[in-house]
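> Counting in the UniProt record's numbering, the sequence shown runs from 1 upward without gaps.
Honestly, the hints are just simulated from the structure, not real lab data.
Here are the simulated EDC-like pairs of lysine to aspartate or glutamate, each with C-alpha atoms no more than 20 Å apart in a straight line:
(1) Lys-104 to Asp-173
(2) Lys-104 to Glu-135
(3) Lys-104 to Asp-68
(4) Lys-163 to Asp-60
(5) Lys-104 to Asp-174
(6) Lys-163 to Asp-61
(7) Lys-163 to Asp-100
(8) Lys-104 to Glu-143
(9) Lys-104 to Asp-73
(10) Lys-104 to Asp-61
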Amino acid sequence: MLLTNWLKSLTSRYRTVRSRRPRNQRSRARHRYQPALSPRPIAIEELEDRTLLTSMISIDDVSVAEGDSGTTDFVFTVTRTGNNAGDLNSSISIYYTTQDGTAKVADNDYLSESGTLQFTADASAQSQTMTVRIEVMGNTITEQNKNFQLVLSTDDPETNFEKMLGTATIINDDANSLSINDATAYEDGPLIFEVSLDEVAGADITFSASTVAGTAIESGSYGD
1 MLLTNWLKSL
11 TSRYRTVRSR
21 RPRNQRSRAR
31 HRYQPALSPR
41 PIAIEELEDR
51 TLLTSMISID
61 DVSVAEGDSG
71 TTDFVFTVTR
81 TGNNAGDLNS
91 SISIYYTTQD
101 GTAKVADNDY
111 LSESGTLQFT
121 ADASAQSQTM
131 TVRIEVMGNT
141 ITEQNKNFQL
151 VLSTDDPETN
161 FEKMLGTATI
171 INDDANSLSI
181 NDATAYEDGP
191 LIFEVSLDEV
201 AGADITFSAS
211 TVAGTAIESG
221 SYGD
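Just need the whole structure built from these sequences, with the hints factored in.
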């Protein structure tokens, strides 16, 4: 038992001491031999041109005499404009339709119309025009001037309206003739004059009447 304890004490006394390397040196060694990362390719994205293209639409007003027969064309001009070159570099559809005013389709004043104007893309233009023709019926009836409208619309969100309602004025170019007959009466009796129109009037007509002395003297032979 004593011999065994003596041998253990000798073994522990002469045990080889392991040398320790500082932690920081081990860390440096670990990173020193780390292979370099291979470079990754860089992708370059081509950006889409998202410039907002805006255009303005307007329509003019029209005033034309109706004529006595047949039809007369009333021509509306629709204009598309842009502030800068390239603003009209897109195609758009403009819809139009007629709308009664004092002129009525039911009264044969004009013919109703509806349709589409197609403006094409133009990268360099700053103005484009198109026309719409509406037929107005002629007549020989004396009446007041009448009007109707041409209404524009679109479903393009990048198109604005400066003026979307064009007014057509149908100018009356007819006139009625007034005539008066002669009258004969006995003394102390009334004189009745008849005033006539050559055609039926489409509007009220007002006229004035007065007497002029001839061989008969006013207040002596006759009076108002």
